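Visitor: Spelled out, the chains give:
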Amino acid sequence: MFVVLVGFVLIGASFVAVLVDLQTVRPERYRDLGEDQRTRTVSLAGYRGSVLDRDGFVLASSTPGQEVVADPQLVEDPARAAAILAPVLSVEPDVLLAELTPSSPSDRYGRLAASIDEQTVATLVGLFEGENTAEDLKGITMRPVEERTYPADVLARPIVGRVDPEENGTFGVEWQFQELLQGHAGREQSERGIFGSITNGQSTIEPPTQGHDVILTIDHRIQYVVEQALIQHCEEMEATSANSVVTDPRTGEILAMATVVRTESGTCVVPIYNAPLVDTFEPGSVLKLVTLAAAVEEFGYTGATLVPVPPSIVIEDKLFEDHPPHAAADFPVSQIMSDSLNVGTIKLAQQLGPNRLYSYLRSFGFGQETGVGFKDEASGWLRSADQWFGSDQGSIPIGQGITVNSMQLIAAYNAIANGGIYLEPKLVRALISSDGTEKPIAPQQSSRVVSARTADEVTAMLTQVVEAGTGSAAAVPGYTVAGKTGTAWKVFEDGPYAGTYGVPGDRHYIVTFAGFLPAENPELSIVVVVDDPQVETTAGKVAAPVFADIAHYVLRIIGIPPATNDADPQGPVRGTPAGMTEEQIWQLQHPGQTRPVVPPEEPVPDDAARTDPVESATGTGDTG
Amino acid sequence: MTTTTRRPASRSTSSRSGRTPKPPSRQTPKPTAPRPRSAQEAASRAPSRARVNESRPATINGERISALLGFVVLALSLFGLVMVLSASSVTSVHEFDASPFYQFKRQAMWAVLGAVTYVVASRVDYRRLQQVARPLLAGTIVLLVAVLIPGVGKNINGSSRWLGVGPVVIQPSEIAKLALVVFIADLLAKRAKKMDRPDLTVRPVMTVIIGLSGLMLLQPKLGTPLILAAIALLMLYVAGGKISSLVAWSFAGVTAATFFAYSEPYRRARLLAFMDPWADPLGTGLQTIQSQVGIASGGWLGVGLGASRTKWGFLPYAHSDFIFAVVAEEVGFIGAGALIMAFVLLGYLGIRIALGAQDRFGMLLAAGITGWLLIQAFLNIGMAMGLLPITGEPLPFVSAGGSSLVMTLLAAGILTNVARQARVS
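Chains as they are written, first to last, in the numbering used here: chain H, 1 to 624; chain W, 1001 to 1425.
Since the hints were made in silico from the structure, they are not lab data. It is possible that part of the hints are untrue.
[Claimed, not checked] Capping the alpha-carbon separation at 25 Å, the derived lysine to any residue pairs in SDA-like fashion look like this:
1. Lys1190(W) - Glu179(H)
2. Lys138(H) - His1094(W)
3. Lys1242(W) - Gly7(H)
4. Lys375(H) - Ala79(H)
5. Lys1190(W) - Phe2(H)
6. Lys138(H) - Lys1193(W)
7. Lys1242(W) - Lys375(H)
8. Lys1193(W) - Phe2(H)
9. Lys1242(W) - Glu179(H)
[Stated by the list, open to error] One side only, chain W facing chain H, incomplete, derived with CB under 10 Å:
10. Gly1151
11. Asn1155
12. Phe1314
13. Val1344
14. Gly1347
Treat the numbers as computed from the prediction; the structure is a model and nothing was measured. Using N, Cα and C, we set each Cβ at its ideal position, and we do this for glycine too.
Excised from the complex, chain W in its bound form (with noise of 0.2 Å):
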């Protein structure tokens, strides 16, 4: 609480009029004045173990990074529309036999709701989450456990992840992570004094992830929860969490990952299947090597969009899980490249706006976003040129896929509103 209620008047005045705080800055824009607050701001920051630099405060220009978040935010989900009718319209005519346009018109749709949700949370205090932090939590884990309670939840290849009427199919697994991204901010923002105790900052964080990752390894899902708990050793990290401690739990994690993915035999295939694809190349190494034909056919210029050859039934999931090599192959190296770049990009904005944020709790915000984000990036890119295991994340903003496309526009608005918010620069 200390480091969140330095401007009680600025966040009573959002709270009150329901619009978007306006940052002081831009109110009161003094870029030649000095700062009187700023040694007791840092002062206030003192206590915290955050890996920031604390001699001398991040300002940003929270605007103008915030439309740049946007524009990146925007180009990739533009780009995934396209590539996401690329890509499904082969199996929509031949596995859904429907009209081409099938998968890609129910992408469109959640890409609407996602545009809708993308500029609500970015017009909405973010502040008002550490009020909802746990309550959400306490919501996800309601959701994860009716996915598991055969007749509610959507039981898709022996899979139990979704819940929903219709068209309308949510993944709980998505959600989670949004809420422990903001129940990690708000628990260590209002323990920030306290980073040298990791029972009381590490410990209840890992519960957490241990017993998320539990219900999600129910469904069953491994993916999710190693990036719940990447997530959460990259804020605890940010945080100032003691690093003895996270190496102790990162070992344990990571124990635990191999245990349960040699526990299950399917599993166990797909890592022997990363491992060595070709031995197996028509069952288990069959996405590994069709995704890597993709990419490779791409070249530097690519076949051209919509001349993916690897989508004809080739690659599955080439629309959702897939969709990076269909973008290798669609339009090369020159449009990959540009893929990877904009996320390290969007790296990098999130980093600034974590290292801006006016509050802890923004900060942290901030941070555990951004590293969901390029987590699960890098993961999906990852799997995709073969160089990680298959996990079944998709990619954000890109890959098919409602739930995934609206939390990760959701969580992009929140990154934008910290952004909006930052110190005056």
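So here's chain H without its partners, still in its complex pose (with noise of 0.2 Å):
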């Protein structure tokens, strides 16, 4: 008796030692998979920021969707779902089929529909419940998904961006804000048993955060605009890309960007990169700009300062000369500019010498990145005063060996129009986080590069260029436009002329037009770039009208009105607008006259006509 009693005690005690062990020592293994098989946890969207235009137009936004998805390993009759869902779906049957039959023992997953409406929804619901279909429809349901959409579509995508499937952005602003724009899904934990919800069980909610809203500078009209008018000069001059930017120079904001490129049938499209601020090229006279200040600024020049200028000049083993050629005489600076002349621009150059020249470039924003921030943004190419070798002293003040983006090129002129006070480009306005606080953004950079007298100055010389010289096509009748051209050779990538510029009559160019208006009191400044235009090749023929469109729309979208008065009621007509005879030109500039036979004076002498490139052979690759 005393056996069995010992053996009671002794298998209470084995059994009171396993239990210890089980619930107190090592209990991980089984209380862990008991945690797993009741935990249920739900996905609280986190949805993803806007991007908006800067009065709240939507250009991306993230809106809830379903999808419909199965695991096959639970639909027991593949057919006959399929049957019932392909209406409903509007997707074939054999399409349904392929997904709702298991390709493998563990195909668990198959995607009937990546979104439907909520008419679809209700219906399916009433599918899934339904007596007779309830069982057919076993192991397909419905999934919260989010869905980005773009309701503008192309317009401003290489700004906007687009995201990939797992909704990380891939480039523009969607991939720039990345952090800022994309939720955070929260999640709900609950207990469940098969029973259904476990009563008193824990259950516990990180709540999901919601990306913030990206609003933009860019207005979706004016953007609208440029791109058009890109679309229509592209094709019209045959050129393989074009972009322009436009900006409010008072405060650096960007109200449009845009790029073409051609297409192989001849049509110009929006493509997803953002060549104003990813492409380089040498802009040619464009940057004569600089220079030109500098010497103002420097010198206390004035656009009638009277500076000699040989016929040519030679730096290093270069000759440099202009089109058309001239006699060594006195040249006002304002004619150096108007009249684009390389070598009064060197000569200049030679009394600032490369270190100033070089501290001027870099402080109107060359050769570094504009603030921007954009994916892939190139700060172009400019080599510190100290590397500057050979002919560079004449090449790089007059737009060559330098290498520059179009959002440079607009920030550097947008320094002139603001009085002289370089602001750094701004394409963000505002970081709206989902309880409307706004997260402030970097502040805006700013300098003063050159006086208000300069920038005064120098913007009487680019009025110039536009009313009598190689920018007269970028006339806007009604306002004073001030701006430059540039038409640059480009190297040559391939071919046997790889690495050059070509030769007379086998050459491709790259024309610019930068400006700003009105110039009393510049609100707008426009850059456009045409890239290898077949039809014209100079910036004046090419890139100066496409200027002149863009602000003829803009001026009247942002509402600047022009400067008339009783007296003048077309106000200033100058230059010779893009798209008008001169006769429509001479009634603008007097109106309710008879225009005699005889025109009062020669026409402005056409641009093209005095930069032949074939004359150019010997000297520089820019003509503009």
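Need the complex rebuilt from these two chains, each delivered in its own frame; the hints are there to steer you.
Guide: Spelled out as structure tokens, the structure:
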């Protein structure tokens, strides 16, 4: 009997020992399994923020949607399920059948529809609960998903960017502000048994965080106008590509930034890359602005100051001359600008010396990133003064041996328009969190690069470019336009002339016009770059008219009134506005009068006539 | 008969009066007086080979032990009711589509019946059972046969184990346990002097075991035959059966059990699942794993009464076969350990009662009942902890199940009666 008692005690003690082990010493394996099997995690959507234009127009936004998915292992009769769902989802039964049939014993996922509308959701819910269909649709369910939509389609696509299927930005603002835009899904964990939610079970909620909204400085209306103008001119000029930036020089805000590229079929379309920040090129004469502004600033010159200019100049082994050729003479600084005289500009650069010129180029923003922070933004190629060799002292002042992007150009012109203060270009107006608070954005860098007097002098010179110089086609009736052309040869990338500017008769051009208006009180600045136009090849004939076109519309969109008064109801009409006949221009300039048979003056010399590339074979790559 | 006729007066008094027999110790307490009959008593017990200390006969305070036993049984039964309510409320609602108290009410009804049974049994002289030992066994066999007759026995989940009408359903196999204990106690008491003859002791007992097991295996039910065999071996051992013979029968029994376990695919699956539940965690290994999930989730103090997660459909039969898992989960090691200790205490009290029994039948009856309750409890708890294969035997007093509860309370009542008629202490 004692043996029996001992037996009971021993068994009891060993059970207690096992119990101690299972409950307190090593409970993990079973306890964790228990936790796993009863914990249901529901994802709480944290939506990606929107990208809006300056007025709140939606360029990108995320909306909740439903996708329809299946667990093929649970679907008993794929054919029947496919037959039921095909008309509802508007998908071919064969396609559904493929998703519903297990491809392998471990296949537990099939996507039947990526996103469905509310009505379809309701229909499906009815089917899932229907007496006749519930059993057939076992294993099929709806799942909330986030849909990224771009209501403006390709408008501003290179700026806005796109996301990949995992909602990660791949380019544009979607990439740049990925961290802020993305929402973080929250989750709700609750305990659930086979019989349903466990009463008094624990539940934890991690609230989702919604992404920030990014409000751009872009105006979608201006963006549209610019894109359409570029498409039209790109196609007309048979250019490879064209890009443009429109800004408000007073704030540095980018109102529009557009790129179009030519397709094989000859049409021009909006691509996915943002050329104004990504593409760099040798700008040519448009960069003379910096050299002249530096000379005016450093030496106190005015537009009327006379500078002796020889017919040509040799720097190291390279000959620089002007087009058309001229005799050695004293030229006013303003004519060096308006006639885009290479030799005159180089003479001024020599007075400045490489160090001073380099420091001006830097302070005008060249050779460095603009601060916009765009993906793949190029800073351009600007060597420091101690690395200028050979003909660099002749080339760089006239925009060769240096590469820039369109944004750098417009920022430099804005410094002049803005009274000598350089403002960092600005693409983002505000970052708004989901609770409405504004997240501070990096302060805009600004610095004075030239005095207000210099800015005024240079503005006056730029006005001359349009009124009586190479950029007359940029004129806009009713407004004073200040700007500068640039016609540069492109370096051949391949072929027999690879690495050179080619030879006379076989050249590629990149033409630019940068300017602002109204010159008296600049509110708008525009840069237009057209790459390799075929029909015409000079900035004055290709880029300047685009500038005028864009300005024409944008002035009306943002409501800048023309400078008119009772005595001058049409306002000033200067230069040769693009698209107008001489007769029309005369009529604008002389309202109510009859034009004499003989024109009162010779028309402004055609830009092209004075810049025959053949003439410049021995000289520079720049002709504008 | 030799041992049971020592006190004809006492026996006749109790049988005539129908009242609870008063142990002589209470009527004439003589703690300090010499016990003149002790030598004679010892002599009368001398021929028995019972494994009790013959030289110093145990004496117990029958009333105190019976009160303690009653307390343990009451505590276990009340705790069982609470746990049945906790463990069954979820399935009552979700499987029976009824009130959360649905299964609890049935269990409570059986508990009331069981309580009455316990009180009555503790007040009826256990020796009267000797007269009904064989009819009781015969009746049990009839019920076990009836269960197998289609239309009479209730077939649930492929097993014909139940008899009854409406909510009153009984499991004859539960009755068989008590019937067997009474039968063996009677037989071995009568043949106390022939314990050295296995053909008169071990063999007839084993014949009955084989017969009962055969009927139960037809239901089919393997757990109860195992318990029956274990009870029989324990009683034969206590009664002084030949060890060699017991070992031989044990060996035969284990061989037979192994054969039956392997012969039937579902039993083999269960046995294999016991050895490696993770081979099929959602099938045959499910209960073993989920039971241990429940136990492990309890920790030291448990998740709180009513807060079991395992009962939410993860662990089938949480309120009956696997109630220990719910206990361990809800009241933790403190509660589950106490439950095990309560059964060990029950075993200790039972053995004390057996040692103090006034006759050989009472001793064997007490030992048999104690062995039954303890073996079944250990089988159940061992199963819940994954130490033993799943046999589907309920935890005495605690698990849901009317037949089991009433029969174990009846057995506890008989045990109490043996205690109350203990020798003078």
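Visitor: So, against the hints stated earlier in the document, which numbers end up violated here?
Guide: Of the numbered hints, 1, 4, 6, 7, 9, 10, 11 do not hold.
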